[in-house]
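Chemist: Take these sequences, add in the hints, and give me the full structure.
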Amino acid sequence: MNFVTSIMREDTFWRILLFVHFLLAVGLLAAITLQAVAVLMPARQVAGSFSERSPVPAASYAALIAVVYVLQALMGAWIYVKYRTYVRIPMEQLRHFWTVGSFELKEHVVTMGMGLLPAYWYFWRQPLSAEHENVRRWVTVFLALSVWYAFVVGHVANDFRGVGS
Amino acid sequence: MTQTLDISDADKRFARPDSSHAMAAPISATPSKFGTFAITFSIAFPLLYTVYERLNWPLFTYHPVLGIVDFGRQPAGVGPPMFWYGWIVLAAASALVVGAIATTIPGPLLRRATVFCCALAALWPAALEALRYFIVYMATFDADFLNSAWVAAIPGFVGAAVITYYFPARLADRLWTSWLLIVPIVGLVVLGYSLLQPWFLR
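These protein sequences, in sequence, are chains A and B.
Start counting the first sequence at 1; every next residue gets the next number (the numbering used here).
Start counting the second sequence at 1; every next residue gets the next number (the numbering used here).
If you're looking for bench data, these hints aren't it; they were derived computationally from the structure.
Please read all numbers here as calculations on a predicted model, not as lab measurements.
Not one of these hints is a red herring.
Label-pair restraints from in silico Cβ distances:
| id | chain 1 | residue 1 | chain 2 | residue 2 | range |
| --- | --- | --- | --- | --- | --- |
| 1 | A | F19 | B | G67 | 20 to 28 Å |
| 2 | A | L94 | B | L201 | 16 to 24 Å |
| 3 | A | A130 | B | V189 | 30 to 38 Å |
All C-beta atoms, glycine included, are put in the ideal place defined by N, C-alpha and C.
Modeler: What follows is the structure, encoded as structure tokens:
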């Protein structure tokens, strides 16, 4: 940390981290949302015994989603240190209790999602198991909802005290 | 002949592995060792995380102001203590052990054990709450000795054993992967409920 503070102000460093966290979140959000849409909207049946391919190659980026999810969680856990001391205390003092509570729930939601990643990765391994299609779909949807919730709540917390606030 | 070749080509073209639905190739109903580990870990982790959070059992406490880590749960020193990391690491370590054990036991036993653990996770705290209600509202004697997690463990274990015994084996098999969604959703309901009073209804 001393090395970083010799180059830039500590606040700037945390803001850069927060911005990278945001960029990764946007990427993860896009990927998991596309995948969730792909599993919720089955490919249309066309003539013969063939099915139309899904417009999104859902299986091919499951591993990427899992890796980015873990990276995001680790990054969030790092920034959380700053949040706990620099953001949450004034939030409580200014009685923004809903924001604090929502952020507390975000920790749990993200943790639950992280716990599901091994199963998620297993269900998306090739060849895809027809038997596990249903659980694969809903685990993916759960992860998508967890990322959306984390994104929205993180954005609200950022607006209180973060990049551009 | 030409048509046959065309269809064959079309088959190859459509049967790409990136389709998430219709092209799914059936694989064995019994998951591999890795599959057993992954599914068991993903059921155990949210369950244990919820339990550790509710009991406030972190593996360590981080003090962000001082930048130090203490083993176990420690009270606030200078600045607020952070337990979240400690709950996650303890839940992950425990789930790793549970997942590793799961790969060594037969499938039917694993599915029954999952039912037992989930029933226990629900009944143990329910029994503790029931005992506390009994102590406050119904007891006509000094029943404070009943206010203990270890006393509540007895009805919890007995209830979970009875449920597991009478739980149909086929249902346990069919339900196994469903625990992947049931456990985190119920866990979030429990954790969310615990946030109502301190934050949302304040």
